[in-house]
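J.: Below, each chain spelled out in residue letters.
Number of protein chains: 2
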Amino acid sequence: MRLRNKPGAMNRIKQFPNLVIQNPEAEKGNWNNKFNNNNPIHIEIGTGRGDFIVGMAKLYPNINFIGIEKYTSVIIDAMEKVIEDNLENVIFLNKDAQKLNDYFEKNEVERVYLNFSDPWPKFRHHKRRLTHKAFIDRYKLILPDDGEIHFKTDNVSLFEFSLQSMSEENLLLQNISLDLHNSDIKDNVMTEYERKFSEKGQRIMRVEAKLR
Amino acid sequence: MRLRNKPGAMNRIKQFPNLVIQNPEAEKGNWNNKFNNNNPIHIEIGTGRGDFIVGMAKLYPNINFIGIEKYTSVIIDAMEKVIEDNLENVIFLNKDAQKLNDYFEKNEVERVYLNFSDPWPKFRHHKRRLTHKAFIDRYKLILPDDGEIHFKTDNVSLFEFSLQSMSEENLLLQNISLDLHNSDIKDNVMTEYERKFSEKGQRIMRVEAKLR
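Chains as they are written, first to last, in our numbering: chain A, 674 to 885; chain B, 674 to 885.
Misleading hints may appear alongside valid ones.
Identical chains share a label here; the pair holds if one copy fits it or two copies do between them.
Derived DSSO-like pairs (lysine-lysine); straight-line CA-CA distance at most 27 Å [stated by the list, open to error]: (1) K806 <-> K883; (2) K859 <-> K795; (3) K800 <-> K859; (4) K800 <-> K743; (5) K701 <-> K806; (6) K779 <-> K883.
What the hints contain is simulated information worked out from the structure, not anything from laboratory work.
Isolated chain A, as found in the complex (with noise of 0.2 Å):
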């Protein structure tokens, strides 16, 4: 991603307090007070600039997202997107997915969605990847029982060791498609990313895999 520095990103979260959470460890096991609601909760790492999160939060108004970002100068874009909008179903950590476990208990989070993340294309960095079994893991410990990971990618490397941890870590793959935008799954909801590879004609990849 082209990250370019924002002055004063930084001081414009901190005026929505109740939007970009700044102290997400006092929040666990307490995110649906957060909502005002016991809707079920769905989160993205690496949100990105939110085209996302915001078009889900739009289409299913009855699940209550969270959209976890580490870097503040695009965080602050989707931050934007969702007061534009008025919606009450999204909010932000401004967070590194490394500390995911200090942040939710278990069954907290129904549903975590990995779009287009970063491939780590050197071995010595695959365990950087987020569907390295060491993230899994993490989310395992957030996620009920029969909870889902649904990823999506341009990159065939990291769909190849994606598809492969995951099998690794007992996880049921379902609705795999190795060519999203050709194939008949409704409702997909486009990243920037996505939109933008995909006109240069560039293949979606897409699996949900669903713990057991």
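Based on the hints, put chain B in the right spot on chain A.
T.: Just chain B now, kept in the frame of chain A:
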């Protein structure tokens, strides 16, 4: 596959009763006797004209290969290749894979190869796909507890279906390649179809699925 009736094929095949086994039920549990050694047995279901199995038999002289092909008019070509090359580690069954469990017993086959199997595109025919769970259950009954199924195809729908079916059957998915001919997997022996499709620029996909 384009099939032409070959007059005399059956008569020619019958001249080599130790190469194309006419009554495989009688050999169940004793296939190693046919090869006069105790080397592991790998089978290919849908051997076609035999390029794969002949190539593999040359590359791995310490593996015994059994090619299963229901069409007499193509298995004859595979047979002639084995005769010409004087290979002693290949035999054939001119049979339908439906009855696999009448021919082999548990632990008798170490690996199953499925190459460019019929995609059976209509939903009501999916149960005929060689990676349908009904077939995987048959393979489990002849493989050891850590046996493997190696599958390759150029058909996207069939590959998506197969990954899901293998996952559902709790197999461990390994060495997935979504573009085999542009991957770093070595010693790939091509089938006659693979050569043709690949020359047309078609991507070949492959997976090794291991029992666990």
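J.: So, for every hint listed, does it hold in this structure?
T.: Hint check results:
no. : hint          : in the structure
1   : K806 <-> K883 : both (14 Å within a copy, 18 Å between copies)
2   : K859 <-> K795 : between (34 Å within a copy, 20 Å between copies)
3   : K800 <-> K859 : between (32 Å within a copy, 25 Å between copies)
4   : K800 <-> K743 : within (18 Å within a copy, 46 Å between copies)
5   : K701 <-> K806 : within (23 Å within a copy, 41 Å between copies)
6   : K779 <-> K883 : within (15 Å within a copy, 31 Å between copies)
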